[in-house]
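Peer 1: Here is what each chain is made of, one letter per residue.
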Amino acid sequence: MASEFYLEVITPERTFFRGNVEMVIVNSSDGELGIIKGHVPMVALVAIGTLKIKQNGKWREAAINEGFMEVRPDKTIILSHSVEWPEEIDVKRAQAALERAQERARQRRSMKEYYQSKAAMARAMARLKVKKRYNID
Amino acid sequence: MYSTVEIKRRIRTIRQTRQITKAMYLIASSKLSRAMEKYRANHVYFEKIRSTVKDIIVHSPEIDHPFFVPRGNERASYLVIAGNKGLCGAYNHNVLQTALSHIQQHRGSVNIFVVGQVARDFFKRKGYNVNDDFLYAAENPNFHYSRDMAEQLIDAYSQNEMDELYIVYTHMESTVKQTPKVIKLLPVELSAFRDVSLDVEYRADILYHPSPKAVLDLLIPKYLLGFIYGALIQSFASEQQARMMAMDTATKNADDMIAELQIKYNQARQAVITNEISEIMGGVAALE
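Chains as they are written, first to last, in my numbering: chain G, 1 to 137; chain W, 1001 to 1288.
Only chain G is shown next, with the shape it has when bound in the complex (with noise of 0.2 Å):
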């Protein structure tokens, strides 16, 4: 029986989870991030991409937004802009907005917008990411 710890996942919009976690593993700037009980306080960048939870000795996944961690003595909380688990993902919706980016990204405006494009790229690709895995288990 590993040791649980409380977290947090918060979006301006909802409360999107809460409860004791085993682990939880979340993207940072330089690769995945792996947080268990005990961990030292610390306050780390959350990337685009896939949101890990163990919880009751099973892994949830949930598609994550830019945001960041905080890591303390009694909790963990991960605030980001929008966090959804794969049944919340409209598949259509994050092609659209692939390709949108994509065309985007062609058109080479500025590099304000060229970020903005990327961000948005990889946003559609980790909700389509996580939609994908969540089928074909």
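Hint data in this document are derived by calculation from the structure and do not stem from the laboratory.
A virtual CB, placed ideally from N, CA and C, is assigned to each residue, including glycine.
Mixed in with the good hints, there may be bad ones.
[Stated by the list, open to error] Listed next, the in silico BS3-like pairs over lysine-lysine satisfying Cα-Cα at most 30 Å (straight line):
| # | chain 1 | residue 1 | chain 2 | residue 2 |
| --- | --- | --- | --- | --- |
| 1 | G | Lys54 | G | Lys132 |
| 2 | G | Lys54 | W | Lys1085 |
| 3 | G | Lys131 | W | Lys1222 |
| 4 | G | Lys37 | W | Lys1054 |
| 5 | W | Lys1048 | G | Lys52 |
| 6 | G | Lys54 | G | Lys112 |
| 7 | G | Lys75 | W | Lys1031 |
| 8 | G | Lys112 | W | Lys1264 |
| 9 | W | Lys1264 | W | Lys1252 |
| 10 | G | Lys75 | G | Lys37 |
| 11 | G | Lys75 | G | Lys92 |
| 12 | W | Lys1222 | G | Lys37 |
| 13 | G | Lys52 | W | Lys1022 |
| 14 | W | Lys1031 | W | Lys1085 |
| 15 | G | Lys75 | W | Lys1222 |
| 16 | G | Lys92 | W | Lys1222 |
| 17 | G | Lys52 | W | Lys1177 |
| 18 | G | Lys37 | W | Lys1213 |
| 19 | G | Lys118 | W | Lys1252 |
| 20 | W | Lys1054 | W | Lys1252 |
| 21 | W | Lys1008 | G | Lys52 |
| 22 | G | Lys129 | W | Lys1085 |
| 23 | G | Lys37 | W | Lys1022 |
| 24 | G | Lys75 | W | Lys1213 |
| 25 | W | Lys1008 | W | Lys1022 |
| 26 | G | Lys131 | G | Lys75 |
| 27 | W | Lys1054 | G | Lys54 |
| 28 | G | Lys75 | W | Lys1048 |
| 29 | W | Lys1048 | G | Lys131 |
| 30 | G | Lys54 | W | Lys1222 |
| 31 | G | Lys118 | W | Lys1031 |
| 32 | G | Lys75 | W | Lys1008 |
| 33 | W | Lys1177 | W | Lys1222 |
| 34 | W | Lys1048 | G | Lys58 |
| 35 | W | Lys1222 | G | Lys118 |
| 36 | W | Lys1184 | G | Lys112 |
| 37 | W | Lys1213 | G | Lys112 |
[As the list claims (entries may be wrong)] Cβ-Cβ distance ranges computed for the label pairs, FRET-style:
| # | chain 1 | residue 1 | chain 2 | residue 2 | range |
| --- | --- | --- | --- | --- | --- |
| 38 | W | Asp1195 | G | Gln116 | 31 to 37 Å |
| 39 | G | Arg18 | W | Ser1174 | 20 to 26 Å |
| 40 | G | Ser29 | W | Glu1139 | 24 to 30 Å |
Following the hints, position chain W against chain G.
Peer 2: Frame of chain G; chain W shown alone:
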């Protein structure tokens, strides 16, 4: 004593006004329930992001980052959030007076970003430098507006167009109590978090991953965005709450006035009848 016709006309006009206030009450209450839904959903994030940022400041001995270093207080910018319309009790007045008294204490140049037409007209009339790029955000606050606003404000701050950034909004303490607040957003200071309590006290320095600069580069814009979004939502909910109460009072007042006038009308009508009868009786008496 007014004539019956005059009283009837007054009753009719009051009834029409009452219909309007009643309708506005209903509209405000339906908007409020939607706004409260958003507020409840956002509340947790709003409080959490503030306590997280405070926690980070408390546990980081010295932060050497552009968003934290004071630049003096020569050029101040204000983001003032008020309503698009009046007829909502003291809501606009309270938040605008709070903003004004804070601005008047400031020495040096002032630039005001306004949300809501009432705020724009108010500061224009007072002769301030008003930027109305964000005017549209008063109705239907959403995340996209907030993102545009946060990005523009951060750009302006990064390009050294201002020394300080304040936000003035109406804080929703409970459904019956809303108070206007002035909070300093930039540079980030511990004093802006006085009303935020930390969940847990511990003494340790925080580890930053991958680096303090990288984390704060992302964290502070997110904090501003979260704050602005929350402030828009709370202001909107407060406005609807205030309008609902004002319109409810107006409707009740109209009811009272109609009841009073109805009595007056009955008295006047009775007086006319009594008068007529006594005239007829007088006529009959004269014939006999």
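Peer 1: List, from low to high, the hint numbers that the structure doesn't satisfy.
Peer 2: 2, 6, 7, 8, 11, 13, 17, 19, 20, 21, 22, 23, 31, 32 and 40
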